[in-house]
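Assemble the dimeric complex from its two separately framed chains, guided by the hints.
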Amino acid sequence: MISFLLILLSSLFFTGIVIRTKSITAGRKGPGIMQPMKDILRLFRKSSVYSETTSIIFRIAPSIYFVSVIMAIMVVPFGQYSGIISFEGDFVFFAYVLALGKFFNIISALDTGSSFEGMGASREALFSMLVEPAFFLLMGSLSLLTGHTSFHEIFMDFHLHSYITYAIGIMATFVLVMICMVENSRMPVDDPKTHLELTMVHEVMILDNSGFDLGLIMHAVNLKFVMYGALIANLYIGNLPIYYTIPIFLTIQLLFAIAVGILESFTARYRMSHNAQFIFTLSSVSLLIFFGALLFLGRMN
Amino acid sequence: MILLIDSFIVFILLSLLVIPFVKKTNWKGISTLFSVFVIAALSSVPAINALMGNPTEITLIGSYITHDIPLRIDALSGFFILTINFTFITGVIYGIKYMQAYSNQSANLSLHWFCYILTFSSLISVCVIQNGLVFLIAWEIMALSTFVLVIFEHNKQQTLKAGISYLIQSHVIILFLTLAFIWVYLKTNSYDFNSIRDFSLTQPVSASMALMVCFFFGFAIKAGFVPFHTWLPLAHPAAPSHISGIMSGVIIKIGIYGIFRMILLIKTDYLAFGYFILIVSVITGIYGVMLAIVQHNLKRLLAYHSIENIGIIGIGIGLGCIGMGNGNKTLAILGLLGALLHTLNHSLFKSLLFYTAGNVYQSTHTLEIDHLGGAGKQMQHTSLLFLIAALAICGFPPFNGFVSEFLIYSGLFNGLKGASLPYLSCLAISIFGLSIIGGLAMLCFTKAYGTIFLGTPRNNRFCPPKEKFSLRLIPMYIVAILIVTIGIFPKAFFNILIQPVHQFTSFMGDGLVSVRPETVSIVSKVGYTSAGFILLAGVLLLIRYKIATTMKAVTGPTWGCGYTAPTARIQYTASSFIRNYRKLAEPLLLIHKYKKDVSGTFPGTAWHETNPEDKIEENLILRPIRRLRNFLGGFSFLQNGRPQIYVLYGAVFITLIISVPLLIDLVRTLVQFLNTM
Numbered sequence: 000m001i002s003f004l005l006i007l008l009s010s011l012f013f014t015g016i017v018i019r020t021k022s023i024t025a026g027r028k029g030p031g032i033m034q035p036m037k038d039i040l041r042l043f044r045k046s047s048v049y050s051e052t053t054s055i056i057f058r059i060a061p062s063i064y065f066v067s068v069i070m071a072i073m074v075v076p077f078g079q080y081s082g083i084i085s086f087e088g089d090f091v092f093f094a095y096v097l098a099l100g101k102f103f104n105i106i107s108a109l110d111t112g113s114s115f116e117g118m119g120a121s122r123e124a125l126f127s128m129l130v131e132p133a134f135f136l137l138m139g140s141l142s143l144l145t146g147h148t149s150f151h152e153i154f155m156d157f158h159l160h161s162y163i164t165y166a167i168g169i170m171a172t173f174v175l176v177m178i179c180m181v182e183n184s185r186m187p188v189d190d191p192k193t194h195l196e197l198t199m200v201h202e203v204m205i206l207d208n209s210g211f212d213l214g215l216i217m218h219a220v221n222l223k224f225v226m227y228g229a230l231i232a233n234l235y236i237g238n239l240p241i242y243y244t245i246p247i248f249l250t251i252q253l254l255f256a257i258a259v260g261i262l263e264s265f266t267a268r269y270r271m272s273h274n275a276q277f278i279f280t281l282s283s284v285s286l287l288i289f290f291g292a293l294l295f296l297g298r299m300n
Numbered sequence: 000m001i002l003l004i005d006s007f008i009v010f011i012l013l014s015l016l017v018i019p020f021v022k023k024t025n026w027k028g029i030s031t032l033f034s035v036f037v038i039a040a041l042s043s044v045p046a047i048n049a050l051m052g053n054p055t056e057i058t059l060i061g062s063y064i065t066h067d068i069p070l071r072i073d074a075l076s077g078f079f080i081l082t083i084n085f086t087f088i089t090g091v092i093y094g095i096k097y098m099q100a101y102s103n104q105s106a107n108l109s110l111h112w113f114c115y116i117l118t119f120s121s122l123i124s125v126c127v128i129q130n131g132l133v134f135l136i137a138w139e140i141m142a143l144s145t146f147v148l149v150i151f152e153h154n155k156q157q158t159l160k161a162g163i164s165y166l167i168q169s170h171v172i173i174l175f176l177t178l179a180f181i182w183v184y185l186k187t188n189s190y191d192f193n194s195i196r197d198f199s200l201t202q203p204v205s206a207s208m209a210l211m212v213c214f215f216f217g218f219a220i221k222a223g224f225v226p227f228h229t230w231l232p233l234a235h236p237a238a239p240s241h242i243s244g245i246m247s248g249v250i251i252k253i254g255i256y257g258i259f260r261m262i263l264l265i266k267t268d269y270l271a272f273g274y275f276i277l278i279v280s281v282i283t284g285i286y287g288v289m290l291a292i293v294q295h296n297l298k299r300l301l302a303y304h305s306i307e308n309i310g311i312i313g314i315g316i317g318l319g320c321i322g323m324g325n326g327n328k329t330l331a332i333l334g335l336l337g338a339l340l341h342t343l344n345h346s347l348f349k350s351l352l353f354y355t356a357g358n359v360y361q362s363t364h365t366l367e368i369d370h371l372g373g374a375g376k377q378m379q380h381t382s383l384l385f386l387i388a389a390l391a392i393c394g395f396p397p398f399n400g401f402v403s404e405f406l407i408y409s410g411l412f413n414g415l416k417g418a419s420l421p422y423l424s425c426l427a428i429s430i431f432g433l434s435i436i437g438g439l440a441m442l443c444f445t446k447a448y449g450t451i452f453l454g455t456p457r458n459n460r461f462c463p464p465k466e467k468f469s470l471r472l473i474p475m476y477i478v479a480i481l482i483v484t485i486g487i488f489p490k491a492f493f494n495i496l497i498q499p500v501h502q503f504t505s506f507m508g509d510g511l512v513s514v515r516p517e518t519v520s521i522v523s524k525v526g527y528t529s530a531g532f533i534l535l536a537g538v539l540l541l542i543r544y545k546i547a548t549t550m551k552a553v554t555g556p557t558w559g560c561g562y563t564a565p566t567a568r569i570q571y572t573a574s575s576f577i578r579n580y581r582k583l584a585e586p587l588l589l590i591h592k593y594k595k596d597v598s599g600t601f602p603g604t605a606w607h608e609t610n611p612e613d614k615i616e617e618n619l620i621l622r623p624i625r626r627l628r629n630f631l632g633g634f635s636f637l638q639n640g641r642p643q644i645y646v647l648y649g650a651v652f653i654t655l656i657i658s659v660p661l662l663i664d665l666v667r668t669l670v671q672f673l674n675t676m
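Chains as they are written, first to last, in numbering that gives the first Met the number 0: chain G, 0 to 300; chain W, 0 to 676.
Because the hints were derived from the structure by calculation, they are not lab data. Nothing false has been slipped in among the hints.
Listed next, the stretches of chain W that the computed footprint assigns to chain G, with coverage defined by at least 3 CB atoms under 8 Å from CB atoms of chain G:
1. 401–408
2. 422–436
3. 536–544
4. 550–556
Computed spacing ranges between beta-carbons, pair by pair:
5. Asn-618(W) <-> Phe-265(G): 43 to 51 Å
6. Arg-270(G) <-> Arg-568(W): 23 to 31 Å
7. Lys-328(W) <-> Gln-34(G): 53 to 61 Å
8. Pro-240(G) <-> Ser-520(W): 24 to 32 Å
9. Met-271(G) <-> Asn-618(W): 31 to 39 Å
Heads up, the beta-carbon is just placed ideally off N, CA and C, and yes, glycines get one too.
Chain W extracted, bound-state conformation (with noise of 0.2 Å):
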């Protein structure tokens, strides 16, 4: 084991010294693809292990500051690890095609593909070292390269501030991280994890509340709970899409993995942080969903569609406290199976949806939604792969994402059986969630996909050319007939969620047997009825076409109601679409709205536009960030830019340096002698 710990070291200090090297710049991908796929290899042997039921641990010795730095690998981190390196195989491959674009920056591109290598990596760690100063510093690697990753284009002033944007927000992170694991070091003077949990079995039950909120603030940051969630809709669209499908499918769900490993450390009262998480999950998922439908970039509404995930799976997370909290262990493990496999399943239609918005933007320059139109028809993969990750995130059969909906709403559905007022207002007030997120998801994706793949192309500057198939498709197909393939064999992925479930149930009793077999009956019957659907619908199309052949069908012109002279601006926008639902939610959103009425005689150009804002960021981030600037100008007559003064400054300062001390020590002496007196 430890050798396989030492060639996962040097081999990623090896390629990250390759990579800078390698003259061509094709190479440095594929030299990235190579080491990927080593990382991957080594660090999916102990994994596998784990969650067939084979946990490794081993203990390296560490500095006087560390002490020893345990690693471990249970099934929790085993079904992450494999997770990430999954998406980052499927990333890197389709980075490669998505960075042919950029082969004239090779110093650009050197380090693109050095923090790929390095996020890769740093992401596993996070996975397995469980010494919390070593955490922090894996942590940081993360949070560094990922910045490193996201400025690709560092160009633009909007990727910039996007980058430092999160760059901020990272830190702020590892503040909540850091004081919470001082706090914890400070009590049982060890970095262990384990110790976190001698804390919470020691410490009174407020303390590890506390000490779970501390926690929970920092990974929420991470993950993109609402309202921590302002950093996410700006990265992503500025980062190169194989980055932000990395970036969405599994760096934020690494803020979901240090939630879950707190939740299997900190013995504290389930009860009450699950109802908490699960409130601020139903407000994320909806306040997501909302933001979404209103957005104009395609890749802006692909981010809020992650919050409106995380509140999904936060969901999940939720019932699955409350079930431990209250014993019910049927809503535990519905709960966290359902929010396992919604990470899982986010991760796969996330990044594709990631990878294809990456395709449409190579070919068309755009993701104004509004000004595309008709790419269907010359992108007929992408558009078929942009469909199929659409259904699949909106939860419908057969796509993996209703198998984890349909979990969760299990979870919802039995644990009304429970007793208290309380505890059934907060289930209703989830399934009313849960049932509005969903229908809100098919208003966005309707949006997005009729507007952008259907039609006619609405501004022929953005028309794509035709789309051959290349090696980008690859992946994007892998990932698909996963998403189908999870969808209508469920089971089949249950052996990897049993063991990470069993580990949060286990103190509930019933020794192996955590899922009940009737969930895993229910969970293939839905997936044979997802097959049911195909097979049906393919019987009813293939009845279709034979009908269809033996008749001459004709083609003409759409019919626009006696209107006969129809154009491509004719049509309806996205904007237009969504006009409705923004009537209805404009009281809850800030959307900036201006426009020119067709008014007069001789009416001129008359236009609309619309800036749809974060009516949180504004309130919490932005505001006191104005605030704050403007008390701080008030002391901008300090720096006047004068030499005289600045020098008097530091006069002063030295003065004062020197001069305090000396006066304490002469008030210290003065108050002994009048002691002595």
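Extracted from the complex, chain G is given alone in its bound form (with noise of 0.2 Å):
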């Protein structure tokens, strides 16, 4: 419970905070902290407009995506506190769920029947399909390294091995970060700030999208954002008293914004014929990360 609330607290400063960081290094004036929240409230308020195109399929998709989302941060354990749903697998059912999101939201914007929609949700499939062995292995080595098979066992286990863990722990960071990235399209693969149609992956997405349902989008991007940095809290708070994990919880956060923010700045896209093969090679790193652990444990006989 304590995850889920922390987790929509933080969502509503997550994105704003990257624009701020985006604009002190761009050297602009930029706005305000709450400024993306008080636009999506007033997409909230707005009425929408409506593709002769769509069917039923395009409104529902964007509530069903954005219910993806919060069932996903439900999983989400923070120290010692299980998340609200936690079982044995329960991370097969956080990357499925997120899935079931993405199906919905990629025949949504197949339903408008645009050429810029389709080559956005082509590209959102394909990376969406390469990310997964990524985060499958990660999973498994953490499963692997603490014996356990539930977000809430392996984050209270993994703490308590010795300085390796802390390592695996950096890659782990590194692999989760850049799968918050990818599934949110942002800037290795993706430049969300893009003019170009033509380029662009999630934006092109939600062109015919407005209203409430946009708000909705807009909103599960900072919730996803915010999961993802979730996990990566947990990496390393494992079962500290709460007064001090909260707090690095909230750190942890900030960080991540801003380092997304320092990321978007002064990094450029990658050229989008190569994301699949930078995309894959995270999977790699999972696998680096199989590997050590099972150094670790001695297994390698």
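Shown next as structure tokens:
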């Protein structure tokens, strides 16, 4: 429960901090931290414009996408407190429910019959397909290391090992950050601020969404960022008492947001045709973690 | 019990006799429905009994050649019989409506429904009969009657070609199975399945392993494991949709049944066999879905997905075998549970997908994905059903596919507690494989659903008429409801699975408690979570609906990024949707590409065409056949059409057949004479 509330809370500020960081590094004045949230609230109050081509899928898809993210967040634990939903193998549910949301997102983009949105949908489907093994191999290695198969137990036990776990933790952080960037279609694979539809992924998929639906999609992105941030935080907080963990959690979210801002300010987007190769390397990093865990457990015989 | 079997046989014969003489073509289907119902009811009684823990065993007195014919209905047979019954019932209801389009072909329909019952009863018999020789006869009846079902539209050359490919490969299966049964017979002098167990206990491990592999090859062709899958993508598109549904739903599963049965009977090195089947299955799964994505024909796409799902089932079986081999009971149970449940699940959503494909075909007269578009607005029922089945086959919660994939994943992650490096690498490969299969399946079904049902029609020739509710939708909705029910209340279906799994794991001790109570509670938690998802989505949609009603929505054209004259042809097609993927996967696949670019000042029509071929089929089957044909072509001078030469062949043949034995006799006499000297 506590993780759920903290994630909801942090999601209000996350994108604002990212944008503020980007404006500071660019030397602009920039909007306030609450501006993205204000935009979303404004969208919630607006009426929609629907394309004549669309069917019911287009109208229900944003809600299902949003709920899928909410369900995934419910699984995320917080230190010694498990998530609202917790069972052995809950990370399988986590990954699949997110994929379900993405499925609806993709078919809603195809529902508009636009050539641009189809392009974005095609890329989204391909990239998320390539990310999936990286996530599962990462969770596999963590579960190999700890001998548990649920988020809560893995993170609780993960903390108890020696310094090597921190090395693995850092690699896992890298993989999670990258998965997060790919899932949200952010900088190394996609530039949300580009003004050419041909080069976008996520932004071009939601060209036709408006009003309440667009607000849901925008906030789902915020939530997804914080959700991965929470997973990263869980790698480090372990079973410390709650008056330490909450500040650590918030600090990690803040650092994560600033890091995303800096990453987006100083890196260039990869060539679209090479993105697939880049994403696939994440699986090899995950594999590296897997063999790291094997080494640590002395099972390389 | 004998009475039950007698009535079963008498009823089958009776309905086979009646169908050709039914005058009205409509009534042929309805009488088939009636007899399928009765056969299903008769066979369900012992099947349900077996699943409740009371297996049936009867020995019929056979002839001098066959010896006694034991009929055994244990939990495993019971499970498969129930799955077969359900799929055949939905198939026949759907088929009655589907076949109305062909109601002028009375004789052809008689043959079709005749073979439908024959296939149905022979499938049940295959699950029950435990005498090698009679089993092969039942298997042959099944193979031949399915062949007739597949070639219903035998006036099309493509259909005949697919049918013959199926027929040939079916007989390769029989070759393998016959070899295996004869081997067992030579060693034990009995055709009884139990003698296979005796064989494996008395012979060395290498012999039982070889026997296992021989059986596996046979059954793997039926199930469609790579590289034995090549008949599948040919036969499924050629058959009528309800036949594709039952073929993919249960007929290929009889191969899975065979593999399960042999694992139960042959006591061999389970660990080695488990590794073997695991690797084959991962390759099968990935290869199947990789080829499915690039297909242009909807039914061919679904056929390749069957191969993928066989791979997933195989991963479950492999994990089960590894668990049985190294004494890890949790792994064995999770793997086998996942495999069995996925067998049931796949029979549900795949038959549903084929039925929807049939609807699409009959209302648009094409299965080319790229020609279709916007069918969802006209065919709302079909669109909804296809979406449910597509989500289920991708393994998303809250549908049944998720539960079985979840069990297999649980098995994989639980298995990571093991020790040795090859074992762990195997598991890592399987995790990688299973997750990428999931991602690829999503790519494939967003393509299929998005292109066929969403957007606007790409070609007005293939625009379907408005769909009305008809009888054919009823079995489809029943299947869809079952798909959701398994997704939300998986616990209820566990009771069906506990007995079959217990058969495999009982030798590992612990008495009747075969499934850990924790596993059951986890799976029911998965169900509740899925239900929670539906609830939450419902609440949000309600809120959205309330808000939407207070504000006036505007409709307009799709935003064309400044381009103001969009046409239907501007839409992303299925081929362009997967273009990025195709570029990536091209080195692994065999895609023939032809195109004419736009060039010059006054460009003509530009076009682009891709023909996805099956690399394994090309290298393993087509190329050797071409070589063989070239080789045999060298002897074509013998067939020169001149009667004099043919008479000469006859004369030479007769001379040889008389002179050779004489010659041999002569030599023998000579040798004897010399010896006596």
